[in-house]
Amino acid sequence: MSFEARLADAVREAVRKTYGVDLDGVHVERPNDPSHGDFATNVALANARVLRRNPREVAENLVGTLESPFVREAEVAGPGFINFRLSPGALLDEVGALLGEGARYGRREPTGAPVNLEYVSANPTGPLHVGHGRQAAFGDSLARVLAAAGRNVSREYYFNDGGNQVRLFGESVSVRYAGLFGEEWPVSDPDALYKGDYTEEIARDLAEEQSRRLLDIEPDDALQEITAFATRWSMEDIKRTLARVRVRFDSFFNEKSLYETGALKEIVRELEETGNVYESEGAQWLATSKFGDDKDRVLVKGDGSFTYVAPDIAYHKDKWERGFRTAVNVLGADHAGYGPRLRAGLVALGIPADFLDVELVRLVKLVREGEQVKFSKRAGNIVTLDELLDEVGEDVARYFYVRSSHKTEMNFDLDLAIRQSDENPVFYVQYAHARIASIFERAGTGSESLGEIPTGELAPEERLLVLELLDFPRVIENAASRREVHSIPTYLETLASRFHQFYTVHRVLVDAADVRARRLALSAATKIVLRSGLDLLGVNAPEKM
RNA sequence: GGGCCUGUAGCUCAGGGGAUAGAGCAACGGUUUCCGGGGCCGUGUGUCGCAGGUUCGAAUCCUGCCAGGCCCGCCA
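One point on numbering: in my numbering, the residue at position 506 of the first sequence is 526, and numbering is uninterrupted.
None of these hints come from the bench; they were simulated from the model. Hints may be right or wrong, so weigh each one.
The following label-pair restraints were derived from C-beta to C-beta distances [stated by the list, open to error]:
hint, residue 1, residue 2, range
1, Gly170, Ala373, 32 to 38 Å
2, Gly132, His355, 36 to 42 Å
3, Ser22, Gly132, 19 to 25 Å
4, Gly109, Gly170, 25 to 31 Å
Note that beta-carbon positions come from the ideal geometry of N, C-alpha and C, so glycine has one too.
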């Protein structure tokens, strides 16, 4: 139980004793200024009006009746804050507990209803680009944070391998393939084809495997085979890039399977049964506007084929039937309208509105030589995630991607990212970790053979370091419940800074056994938390740099 | 026109009712008998987009404006 929670209980009890009132919301927090104590509460200020006393008087009374074994000092300050200073023994006990838990510190065992977290889900029509990189980094880190906070999370990638874009992609590769043998491939719309060099690469791989066999069979059959080959090729390519940047998934779901199992026809039938499907202009419409969407959506086109609406609803109904009770979709900001219309479709089927949650990741604006880089996958002028990783490395990329809130648009200055890569904050955090590793190497002891922490007065730098360490569980829980990963880097940078400050002022490996043991314990605890926090971001914690 | 998001230091961004608004980068100065100086310390910079409102207290909540981004397809 955190000190915040324990102090809040003690304060609540003091209020009950003094005023005979039960308060439900008692806020205890870490003050910005260390001279305001280790923790502080504003109860007196917040409730002065209800109690009809002036805030300072209330605070004085509460301090008088407050009982808590780990509080060394409680004082009234400013307009009526109560500032607490804890006893060193209580703080060090917590550090001891932290060391005992090791890598599990601040993390909980998974409980509760299963959560499905879907991210990236880029079409298998080409390599991942830098925009996908942000979604991948955010999604994977969010998955790690949710799991650490005890959510029962399952990570999923939806391969959109059944729609219009995939057909165009297949044609694009077919054109290249035919071209390799000096032949032409008929296409409906040459301007819509994918122009990237990778289509040529896929065609060459195909030619190597099949020679010109596919040019001598029925074109429809050939296109089907070529498309299958191309999407398989793309999926492998995407998975390879994701593995490189340490982004994991528990499952991959193929859109095509919805066609093959008949789930699509089934979903249309079910929607019709609810009475929310009607015909207009030759198409079948779903009345999503009845369930919170701006307007109705086409479910089945005039030519009898499906829009993306039916597969998406079928897919999410499948998530529901697999037992998930929350589905979080991490999507690019250009999918802003996706949530409401998909949710509307699900509600029409009787699935609760709060089942689906969408986290929109803002776009990555690429800047090179002061100019914004415009890119498009079809035009082929994309900057791929692999290219970025080649330039800045996996650690820098992952850290940089999640350092700012996913809700804000991000400027990725390629020149700056390369030039400043050794000044990136990730190195600052990693350096603290490597520094501690080197202390233990020199000390010749492992962090696991520390034993009891000798109690004693804590220097200001030690105290601030301890308080920061003890904040980690709260940081994880907040990040999970707010689904905001960027608070992890912020925390790690503060923690690294606290350690560097401590290290500069206090020598760890001193002769006095008590002091040495205590400082080794603080260092070991910091190392554990830094590694654990970096792991939440998929970033390495090196022993040496 | 409607919906969602954003506006904080020269730049990139934290802070999302609390005390004197912070960090990194950039600039300048200091710091080395001794655990990694990729560190630490200090100096300077802010109409927290603007205007009202709620409150003991607002960068934070509410309303209205201004500016920027994304969306509003029988694409996904």
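Going down the list of hints, with the structure as the test:
no., hint, verdict
1, Gly170 x Ala373: 32 to 38 Å, "violated (25 Å)"
2, Gly132 x His355: 36 to 42 Å, "violated (27 Å)"
3, Ser22 x Gly132: 19 to 25 Å, "holds (20 Å)"
4, Gly109 x Gly170: 25 to 31 Å, "holds (29 Å)"
Figure legend: structure checked against the earlier numbered hints; hints not met, in rising order: 1, 2.
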